[in-house]
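Asker: Turn these sequences into a full structure, and let the hints steer you where they fit.
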Amino acid sequence: MRREDGAHQGERRFALMLTAPGMLALLLTTTFPLAYLVWSSFQTINLAMPFMDGFAGVQNYVEMWHDSRYWHAMGLTGIYTFSSVALQVVIGMGLALLVMQIPAGQWIFRIVAILPIVLAPVVVGLFWRTLMLAPNFGMVDFLVQWLGFEQINWLGAPTPALISVIAIHTWQWTPFAFLVFLASLASLPGDVYEAARIDRANALQRFWHITLPLLRPAIIIVIIMRVMISLSAFAAIFAATGGGPGTASEILNLYAFKTSFVELNFGYGSALAVSLLIITMAVSGVLFYLRTPRRREAGA
Amino acid sequence: MSSYRRAATRRNIVLMIVASTLLLIWVFPLLWAVIVSLKSESEVLAYPPSVFFEPTGKNYADALFGDFSILSSLWTSTIVATATTVLTIVLAVPAAYAFARLRLPAKKTMGFYTLATQMVPPVGLVIPYFLILNKVGMLDSYEGMIIVYLTFSLPFAIWLMVSYMEDIPFEMEEAAFLDKASRLQTLWHIIIPQVRGGIAVTVIFVFLNAWNEFLFAVQLGGNNVRPVTVAMYNFVSVEQTLWAKLSAAALIAMLPVVVIGIIAQKQIVKGLTVGAVKGGGRR
Numbered sequence: 001m002r003r004e005d006g007a008h009q010g011e012r013r014f015a016l017m018l019t020a021p022g023m024l025a026l027l028l029t030t031t032f033p034l035a036y037l038v039w040s041s042f043q044t045i046n047l048a049m050p051f052m053d054g055f056a057g058v059q060n061y062v063e064m065w066h067d068s069r070y071w072h073a074m075g076l077t078g079i080y081t082f083s084s085v086a087l088q089v090v091i092g093m094g095l096a097l098l099v100m101q102i103p104a105g106q107w108i109f110r111i112v113a114i115l116p117i118v119l120a121p122v123v124v125g126l127f128w129r130t131l132m133l134a135p136n137f138g139m140v141d142f143l144v145q146w147l148g149f150e151q152i153n154w155l156g157a158p159t160p161a162l163i164s165v166i167a168i169h170t171w172q173w174t175p176f177a178f179l180v181f182l183a184s185l186a187s188l189p190g191d192v193y194e195a196a197r198i199d200r201a202n203a204l205q206r207f208w209h210i211t212l213p214l215l216r217p218a219i220i221i222v223i224i225m226r227v228m229i230s231l232s233a234f235a236a237i238f239a240a241t242g243g244g245p246g247t248a249s250e251i252l253n254l255y256a257f258k259t260s261f262v263e264l265n266f267g268y269g270s271a272l273a274v275s276l277l278i279i280t281m282a283v284s285g286v287l288f289y290l291r292t293p294r295r296r297e298a299g300a
Numbered sequence: 301m302s303s304y305r306r307a308a309t310r311r312n313i314v315l316m317i318v319a320s321t322l323l324l325i326w327v328f329p330l331l332w333a334v335i336v337s338l339k340s341e342s343e344v345l346a347y348p349p350s351v352f353f354e355p356t357g358k359n360y361a362d363a364l365f366g367d368f369s370i371l372s373s374l375w376t377s378t379i380v381a382t383a384t385t386v387l388t389i390v391l392a393v394p395a396a397y398a399f400a401r402l403r404l405p406a407k408k409t410m411g412f413y414t415l416a417t418q419m420v421p422p423v424g425l426v427i428p429y430f431l432i433l434n435k436v437g438m439l440d441s442y443e444g445m446i447i448v449y450l451t452f453s454l455p456f457a458i459w460l461m462v463s464y465m466e467d468i469p470f471e472m473e474e475a476a477f478l479d480k481a482s483r484l485q486t487l488w489h490i491i492i493p494q495v496r497g498g499i500a501v502t503v504i505f506v507f508l509n510a511w512n513e514f515l516f517a518v519q520l521g522g523n524n525v526r527p528v529t530v531a532m533y534n535f536v537s538v539e540q541t542l543w544a545k546l547s548a549a550a551l552i553a554m555l556p557v558v559v560i561g562i563i564a565q566k567q568i569v570k571g572l573t574v575g576a577v578k579g580g581g582r583r
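If you read the protein sequences in the order shown, they are chains A and B.
Heads up: the first sequence begins at 1 in this note's numbering, then just goes up one per residue.
Heads up: the second sequence begins at 301 in this note's numbering, then just goes up one per residue.
Please note that a few of the clues may not be correct.
Now the stretches of chain B that chain A is said to cover, found in silico as 3 or more residues with beta-carbon under 8 angstroms [said to hold, decoys possible]: (1) 323-336; (2) 365-379; (3) 389-397; (4) 452-465; (5) 544-556.
What the simulated footprint calls covered on chain A by chain B, stretch by stretch (three residues with Cβ under 8 angstroms from a Cβ of chain B suffice, anywhere in the stretch; the number is not a length) [claimed, not checked]: (6) 16-26; (7) 34-44; (8) 101-112; (9) 139-149; (10) 232-246; (11) 262-276.
Which residues of chain A face chain B? A partial, calculated answer using Cβ under 7 angstroms [to be verified]: (12) Thr-30; (13) Leu-87; (14) Val-118; (15) Val-122; (16) Val-123; (17) Asn-136; (18) Leu-179; (19) Phe-257.
Think of the hints as simulated: they come from the structure by calculation, not from any bench.
Just so you know, these numbers come straight off a predicted model, no measurement behind them.
Positions of the beta carbon are idealized from the N, C-alpha and C atoms, including for glycine.
Answerer: This is the structure we're talking about:
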């Protein structure tokens, strides 16, 4: 017994030795800068007017509360995140169910689906801005006019710009949902379906009562991962619209970025980033909380 | 029976048509980029877009060796992504082993902490990093960029490796009564070879993410450290309509990740789904 305690202690010490470098690196590279961010959110730091710098108390946060551009950005973040994640899950699921039915050639879909995922979001944003959506040049623009509709200034008018950035994000990341769902569908037991077929359940019933509950863990994981990525989306929007026209596609990320690096108002930019940080943490906390009991119920 | 079969065939044809249409939506932007990159600058601006034309390799030559050469940016991206990957693996693999297999004080807290750092939105880091690196004179330096890249690669790599470590059968290491040296040997000679596949997947993911990163690169880099993603962006903001050259440059810049993506397609999907299919492991 004593001897085992000693061995456990040795194991603990060894385990600490292995984790220490990684944990220390995380502490220095993420926690320290975040503490710095919180500190600077209580400061006036304006690189354009450095003589004004100094402690500002909660002034940045008060300003934020009365800032209509902030609330606008917050609303857009919500719309952007919710609609792009919903679209990814629904289209990804539909596509996965469809491809499962195809007798041959599934591998083509897998290969094609990997392409958008591995592309840099900034390149995706640039491709869409130029090759697809540019007026009198892009293929989407051409298609819309060829079909006899009126020309739409996809990135130059407020509502189309928001729709465009959501569509671009959905285009790039739906394959992720699709691939995860396809893998999950492929791992489902076939005998349940046999039983259901004998019970004369139709396709919709089978999907609703068998497939969907079995896929729930995968769906929840996909939602969590996609919400996180959506909340930190930056490069594709930055490349496609830069948040514009005006502030029409300016989600919170872009507002915090522009306040800091364009207006050089780092104090206020920090406060905006802190609010985004809190929202992200809160949302992920809720999502993980929702996931935990369900998983036990599913017996995983 | 034959009418049943005919209905099934008809159903398959409809399925194939619907699926192919959707396939086209995902392939088209890339395919079109390839076509545009082979056009001359005057041909590009033809509207409606021309489909038949004399292909030229000039855009590729320009993108590599001409006035807008992206060669130095490619080299920068290679250095940054490789260094980030190596450093991440060295730090993540031992930590993941301890998380997954060993008795470790405050394991839950550290695991949760690692997960939490993964959730941090990058814009919340780029602001303080700009101020800090500016203060210590490390803006536009390789060291600074690689340190910053650890922020997103390390938490992710630890969690991905943990899920692979958990799959090793427990009989592999009966390490309870070993001293420190032989514990290290166990890790090196027995555990690491077992998770070679997992390490490969992690390397792929970390490298891809580092190669594709833009937000940190555009703000913390500069003339000295300018990864390809930033070079692409500058291309459009400076040269508004040289879209054939942009397409060629972007396709060259994305060639490494696309090749890796296609070769390692199975491993990437496995990496993406490792959490989803298992329901997130044992925690």
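Asker: Tell me if chain A covers the region 323-336 of chain B under the three-residue, 8 angstroms CB rule, please?
Answerer: holds (count 10)
Asker: Quick check on A:Phe-257 please, does its C-beta sit within 7 angstroms of some C-beta on chain B?
Answerer: holds, 5 angstroms
Asker: How does the coverage statement for the region 544-556 of chain B fare against chain A, requiring three or more residues with Cβ below 8 angstroms from a Cβ of that chain?
Answerer: holds (count 5)
Asker: Close enough to count: is the Cβ of A:Val-118 nearer than 7 angstroms to one in chain B?
Answerer: Result: holds, 4 angstroms to nearest chain B Cβ.
Asker: A closest beta-carbon separation below 7 angstroms is what the hint needs, so does A:Leu-179 meet it against chain B?
Answerer: holds, 5 angstroms
Asker: Just to be careful: measuring from the Cβ of A:Leu-87 to every Cβ in chain B, is the smallest value less than 7 angstroms?
Answerer: violated, 13 angstroms
Asker: Check, residue by residue, whether the region 365-379 of chain B contains three or more positions whose beta-carbon lies closer than 8 angstroms to a beta-carbon of chain A, and give the verdict.
Answerer: Since 0 is below three, the answer is violated.
Asker: Please check whether the region 101-112 of chain A has three or more residues whose CB lies within less than 8 angstroms of a CB on chain B.
Answerer: holds (count 8)
Asker: So, A:Val-122 near chain B? Judge it on the closest CB pair being under 7 angstroms.
Answerer: It holds, given that the least Cβ distance between A:Val-122 and chain B is near 4 angstroms, below 7 angstroms.
Asker: Classify the hint on A:Thr-30 as holds or violated, based on whether any CB of chain B lies nearer than 7 angstroms to its CB.
Answerer: holds, 5 angstroms
Asker: Taking a Cβ-to-Cβ distance below 8 angstroms as contact, does the region 389-397 of chain B have at least three residues touching chain A?
Answerer: holds (count 5)
Asker: Counting residues of the region 262-276 of chain A that have a beta-carbon nearer than 8 angstroms to any beta-carbon of chain B, does the count reach 3?
Answerer: holds (count 6)
Violated hints, listed in ascending order, are 2, 13; each of the other numbered hints is respected by the structure.
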